[in-house]
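Peer 1: Given next are the chains, with one letter for each unit.
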Amino acid sequence: MGEIIAGVYEIEEKIGSGGGGIVYLAKHMRLNKNVVLKADKRKITTRPEILRREVDALKNLSHTYIPTVYDYFMEDDVVYTVIDYIDGESLDKPLKRGVRFSQAQIIKWACQLLEALKYLHKPEHGNPPRGIVHSDIKPANIMLRENGDICLIDFNIALALGEENVVGLSAGYASPEHYGLDFSSDTSVTGMSRRFDTEGPITGRIKKNKSSAVSKKNVYSIADNLDKQVDSGAETKDMEMMEAQNDSAETLALPNEEKFTVTMVMNRSQSTTGKKVIVPDVRSDIYSLGATLYHLFSGRRPAKNAVDVMPLSSADVSPQISAIIAKAMNPNPNLRYASAEEMLWAFTHLRESDIRTKQIKRGFVTSMVFSACILAVGIFSTFTGLKRMEAFQRAATYAEYSANALRGGNTDGAVEYALEALPKSGLFIPSYIPEAQYALSNALGVYDLSDGYKSHMVLEMPSEVFKTVISPDGKTGVSLYAFEAAIFDTETGEVKAKLPIIESALSDVVFIDNEKLAYAGKDGLSVYDIQNEVTLWTGHPATHIAVSADGTSIAGLLRDETNAYLYDAKSGNENSIVNFEGKKQKVDDRDIFADPMDNIFKLSRDGKYLAVSFDDGGLTLFDTENADENILIFDTTDCVAFEGGFSGDYFAFSCIGEGKDAEGEFDILDIKNLEQTVGFSLSGRIRVKASESGIYLSNLNTAVKIDPQTGEQHEAAFTDSDMVDFNVSGDTFATVTKKNEFLFYNDAAKQISNIPGGDETIDFIFTAGDHAIAAGRNDPQVRIFKRINNEDKDIANYDKDYLHSEARISTDGSKIMLFNYKSFRIYSKDGTLINETEIPDADNVYDQQYSKESGNLEVIYNDALRMYSGETGEMIFEKTDLKSVKYAPYGVSILCGDGTLKLISDTAEEVFSQNVKGDFAAYCGMVVDSTFAENRELIGSAKNEKGYFFALSDKSVCSIYDGEGNKLFEVPDSNNSEAFFTDNAVIISPLGEAPVAYSLKNGKKISELEKDAYLTYITPAGSYVISSYVSTTEGIYGILLDNSTYKPIAYLPKLTDVYNNSLVFDYGMGKLRTCRIYSIDELIAMAERRKTS
Amino acid sequence: MNEVLFYGGIGAAAFGALYMIISVMIFFYKKAKLTLSFDKEYGENSSINNIVEKW
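Each protein sequence line maps, in turn, to chains A and B. The first sequence begins at 116 in the numbering used here and counts up by one. The second sequence begins at 907 in the numbering used here and counts up by one.
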């Protein structure tokens, strides 16, 4: 049985001893529980109340990783502390055996230790403001339990009671503060970064104070729990250590610890009376814990000198752990973890703080940002492209609508659609779409400077129109539909009045003069005053109406009645009744199918005769004054359709029988002499319009004016397709053909206007004054045309009878040159002929080129070159018998018979000369001869500010070169191409195919040009390019191109030249006209003005 | 040009989306791998906050 202590505890064995006492394993005899008895041999100097307080503080500690203190008593002058027995071994033992623990295991223990320290360091566990400082953390004071957890033992309660300088000093684990070293203001000390001789003196910032007494640093084993006090100048009793002298070395003998040398320099210490004392605090525990962990991780005890501790290597620990240990063991306590909680946080957030985590996170974020940027750019680009495509599609659609409206004569609609085609402003919308500008310029007609009739507007009637007429001055029109007559202004389209009419498709309306008209009113034949908007009088019901040319008499006939009424046009008095003796006009059972043009119901100029045709094929001129003087032309015939009227003293008519092969008969009667003056037959129907202006007739596609006396015919018009209807007023012949073309001719039978129609069918056309109207029976629309005069755009005159293929104007605008392959003429701009020259050997002319700069004409043959002065027309250069001739805008290359290659400028100067071999050569900045060309043809060359360029083609590939012979790129080609150059593009124009523009920079295709004509010129004009064409159907015309996209932005009919960046047009009427190129903003402004007006 | 923007944009967006998906997949793969490494290095102590897991 072992020794019994306090009658309760039986000592079983001694388990440890130290400078402060002995540690026993004992058993509580009553509880039969193992406990640890610590017997402190040192004399008790502490006052009893302090001891009691100490026990109270100890016994209140309760933590998983801290042993419980059960009791405290004194016996035989020995102070015993009863502590919980921790089953296991202290960590120093396996360390001494060489056991290495895993990093994960040590981290787990570190967290447990820090939890314990965090608990201990709580202020409420000690004397505030600080809790209990262990002050001697080392492997030996950490118990490893059997369950794998640890327990922190042997903490110094005395420090909790505010005692100073009561510390354990374990070499390698003790913080610098344990030795009284103060690194707190030494920024050069960064922990494990300075090397010192580990055997050398430990030096820190210890101030030397020679005047004071030696200060003492008392180092105590943490096993001791003695009350020590150091006061300035006072010696402490019962010190186990020798007191240090100034600059003397002191050997500190520590129980169970290694000996090391400490050189202490005098330090002015402070007591609780107010002077400074370096006292270990929670950060010292942090240091000791760090050092303990250092040992556990590396298997080596850290160096005694804090500044001499080597960092943990990556072979031992993860970098994060190394960093934590390094921070914990920083000699400068201010740079360590300020608390156990902070260090615990570091351990519990290892994964988060690990650089690999940060790298992955950073890499992930970078990837996501990058992909998000790409995605955003992609979405933005897609959206932008889509919006732009939609805008272009919309522009194309509305441009199509505009073109259709223009074809249908609806110019207002065409302008509106064209405005709609323009891109609306927006972030993603392109600011400019060529198709829209093209539609707008066409709709406005700004580049059509021809005189003649143009589509003015389209009126929409409530239903299909079955008759339309125009006033003699052309300012008023009337259209009849079911069942109203609409009177409208042909200039503004304003409907002035709507009059109810008789319900019959045979309803008629005739202008008496510009102010009055007779119409088949609902209540009867009525005369309406347009100006005063009042019906002047109403007669008997009538469908057919005839008005004498002198405006004095009006005749009315109701459908197929057998008599007509004659009225005084002014008063409406019924003058007479004309009896048809039982005959009636041809009228269908249903009016809607009636063709009013199949009957004749006309009054002579003075109203004396009323011409009436009948359904039995009869035709009679009724004498309205004397029925006995009626003139029977036909009694009965097979004719089913009659047409005709009076012209002065003559009556002209045509009739035709039934059947599609029926022949039409035409006759003119001299009413005065009662004799036929003209009579013939033609295949097909003969349309007749007779009025005081003359007698016109048309058959198929020919219209003539016929002299009623002699029968002589003068051509009035000749069309490509059969005429449906025609009308003559003044010097204008208007017709509509089966192709739905509206054609206008002057009195010389020269076509002055050709307006394509839409899909509607037109049955009648009328012209008067400066207007014309046309309508069809199956269409509610009435088209109005207006004659336009652009004389203000004249720039030069010439003889309009001189046939020419091209017209050019000199640079100074003073002269014009008109030429064809046979001859040319030079006029001054006022039309005075200066010179006319015949071109020799015209049949062999290959090309003619007019030089803008010099005004000279270059006539190019296959084997000759002739140049003519643009001033006088004289020949200024001639060379024949040439091997080759090649034109370029900068000069003509000629290869003479003697092998001399010459470049002749447009002023006939020889600017280059060189002997070459072969049968072909041209100068293109370099000599391009047969050798270089290698069976390829030189199809074009040019010179711009960047130098010379030329194109060689083998009919499948065209190669573009610069002036030094460097091949720039190749493009596909085909037969008989020509190459045109601008500053930024080359246009390859194969015969019969669409020309294609390629970028001179990189050879990429820019755009295809117009393909339905022959490209003759490409002319740069500022920010535009003008392409000139010649077509069999349209003659010469141009297309204005945008000089970056080469898309068409305007159609230029009859374009002949470009003069000072303005356009010059030749309509073959003896005048050249000009206008400038309008920007899109100007076009929009014009359209807006047109809308508001 | 408009077609280049449109189709190029679709391509770029598709590339960006694919890149994003692949990045996410690679991230989760690396995360799993790192978690295994961390478990090995730092232990699987449930009391240890695994911020990566929280992601």
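I should point out that these hints are in silico values taken from the structure, not numbers from a laboratory. C-beta: ideal position from N, C-alpha, C; glycine also. Honestly, I wouldn't trust all of these hints.
To be verified - Here are the simulated SDA-like cross-link-like pairs (lysine to any residue), alpha carbons at most 20 Å apart as the crow flies:
#1 915(A) <-> 893(A)
#2 473(A) <-> 915(B)
#3 936(B) <-> 485(A)
What the hints assert, rightly or not - Restraint ranges, calculated between C-beta atoms of paired labels, are given here:
#4 916(B) <-> 915(A): 58 to 66 Å
#5 916(B) <-> 907(A): 50 to 58 Å
#6 484(A) <-> 916(B): 16 to 24 Å
Peer 1: Does each hint fit the structure? Answer for all of them.
Peer 2: Status of the hints after comparison with the structure:
{"no.": "1", "hint": "915(A) <-> 893(A)", "result": "violated, 41 Å"}
{"no.": "2", "hint": "473(A) <-> 915(B)", "result": "violated, 33 Å"}
{"no.": "3", "hint": "936(B) <-> 485(A)", "result": "holds, 18 Å"}
{"no.": "4", "hint": "916(B) <-> 915(A): 58 to 66 Å", "result": "holds, 60 Å"}
{"no.": "5", "hint": "916(B) <-> 907(A): 50 to 58 Å", "result": "holds, 54 Å"}
{"no.": "6", "hint": "484(A) <-> 916(B): 16 to 24 Å", "result": "holds, 21 Å"}
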